[in-house]
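Asker: Dock chain H against chain D, hints included.
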Amino acid sequence: MHPWIGAGHDDRRNILEELGLSSIDDLFASVPPQVRVAGLDLPGSSDEESVRRSFAEMASTNTTMNSLPSFLGAGVYRHVRPSVVDAVLSRAEFFTSYTPYQPEISQGTLQAIFEFQTLISRLAGMEVANASLYDGATALVEAVLFSHRTLRGKRNRVVVAETVHPLYRSVLATYVEATGIEVNVLAPGPDGRIDPAAARAALRDDSCCLAIQSPNFLGILEDLPGLAEAAREGGALACEVVAEAVSLGILAGGGSLGFDVVCGEAQSFGVAPGCGGPHLGFFACPEKHVRQMPGRLVGQTVDEDGQRAFCLTLSTREQHIRRAKATSNICTNQGLMALAATVWLELVGSTGLREMATSCLARSEELKRRITALAGPWRLAYPSSPTFNEFLLVGPGPSSELVDQLSAEGVLAGVPTAAWGGSWPDGILVAVTERTSASDIDAFVGALGRVG
Amino acid sequence: MTVPIELLYNRSHEWARVEGDTVVVGITHYAQDQLGEVVYVELPEVGTGVDAGDELGTLESVKAVSEFLSPAAGEVIEINERLEEEPNLVNDDPYGDGWLVKISGSTEGEDLLDAEGYQEFLEQESD
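Taken in sequence, the protein lines are chains D and H.
The first sequence runs 123 to 574 under my numbering.
The second sequence runs -1 to 125 under my numbering.
Bound-form chain D, shown alone (with noise of 0.2 Å):
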């Protein structure tokens, strides 16, 4: 057989007589037939141009974040991306996910792993970041192992906020469920915010972990330094998780206000939004606990020449050597969206990343007066409480038929709650970025009265 060339017909027939088999299907008898696909309604074979034609009207049905005035988020965020950012991307030298087995060969990969860890780290606040996870959801797994390890395994409680995106805890339910590791969701006060007092209260002397994301999902600022407090006192690590990155622009980093861990999404970082991803997860910590950190580290050092040069640090804990006993079951890293979020920030810098977050929050709090001063059924459900980029707005029924309403208006209004379930009103979860124009806010003003 050819290597890299599929198995042939005459192939096929040698390796079905060497098993002792008349056909394919013999392979999966196996399988019940009653679970077994009979056969795939499937048009017959077509030229590229036609096939690409007729899959381009096919996604030419869709609504997309382009062709409406675009106000989702919960998670997920559209902000400006420089073109530069795939350009460099695309280099063949870079165009692989995986930090190479033969690291050292690949310096230019570090340097850039590097440089992503740099970055992170001075927006985290924190000493170290490692160099990336897969998504935020993931990452507030990891905080949570973290905490459990450093603090040796002896408390299996973890104090987790209701307003932790829903999906992250869901994530951490799985990862939990066969470690001994209980989790405790704790709810959010009527203002939207974990109350640093009801945290303290709910961190008994096995929690190892009190986890508070921010802005939180409700797109409302959590208490971070009294947050921090709360769980010092209860001898826990105090971790962030952030899952609109941008708001690191004009938001200092938990690092700075007392926590142990900051980590979380940057897919805001240049990663376009894409159903399903690609994420990036980060993961930031104080150097004394690095020895506990899951994922890969690149250091910089020298080399016999005296040169610099980056190579691959502490990789002795990761699965590949320490297999059951490592610190993380995360042996690679998100390369490719590490590096578009490192060329995003290097091209925006810190007085660009400074203005867009200002842009963000002037735009959703000009958004915020427009529905306040419009008289009808709409309203924000938490009113008095300090949001960056979105917010929950209520409305006049279920949210998940008002987005219907909304989108037949001529705009994405924004991300439903219902599915999740949650502590707070039904209502729908309205970003607004950089990216939303004057005449967005417009539309969205428009299609609000005109459903109210």
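Source of the hints: derived by calculation from the structure; they are not laboratory data.
Watch out, some of these pointers could steer you wrong.
As the list claims (entries may be wrong) - Capping the alpha-carbon separation at 30 Å, the derived lysine-lysine pairs in DSSO-like fashion look like this:
no.	chain 1	residue 1	chain 2	residue 2
1	H	Lys61	D	Lys447
2	D	Lys410	D	Lys447
3	D	Lys276	H	Lys61
4	D	Lys490	H	Lys61
5	D	Lys410	D	Lys276
6	D	Lys276	D	Lys447
Answerer: Just chain H now, kept in the frame of chain D:
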């Protein structure tokens, strides 16, 4: 490879020196040689109760991380705090300043080797 005559040995290459009710624990010259340059030592908390065979901590070298096991049952009463700043003591003086923990307890009844037995064990290992 030095194998001091007065010590007892685990087949996982830890040594034990019985000093009255206290057992001092370290890793052998052979073990540190196999590990290579030790860059970090993770030690248990004082007060931890252990059985013989329990993991006491880890030793990290530039190429691997290995656990070290307790040759005695009892309670950890002291850890070698110098190793935090000077992990290389484990390489330079494995039977002296490179000791790891002290356990209040005993090696009584544990399946340990004397120096001669350990020497033989090493010879078998290298075959």
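Asker: Which numbered conditions among the earlier hints are violated in the structure presented, ordered from lowest to highest?
Answerer: 4
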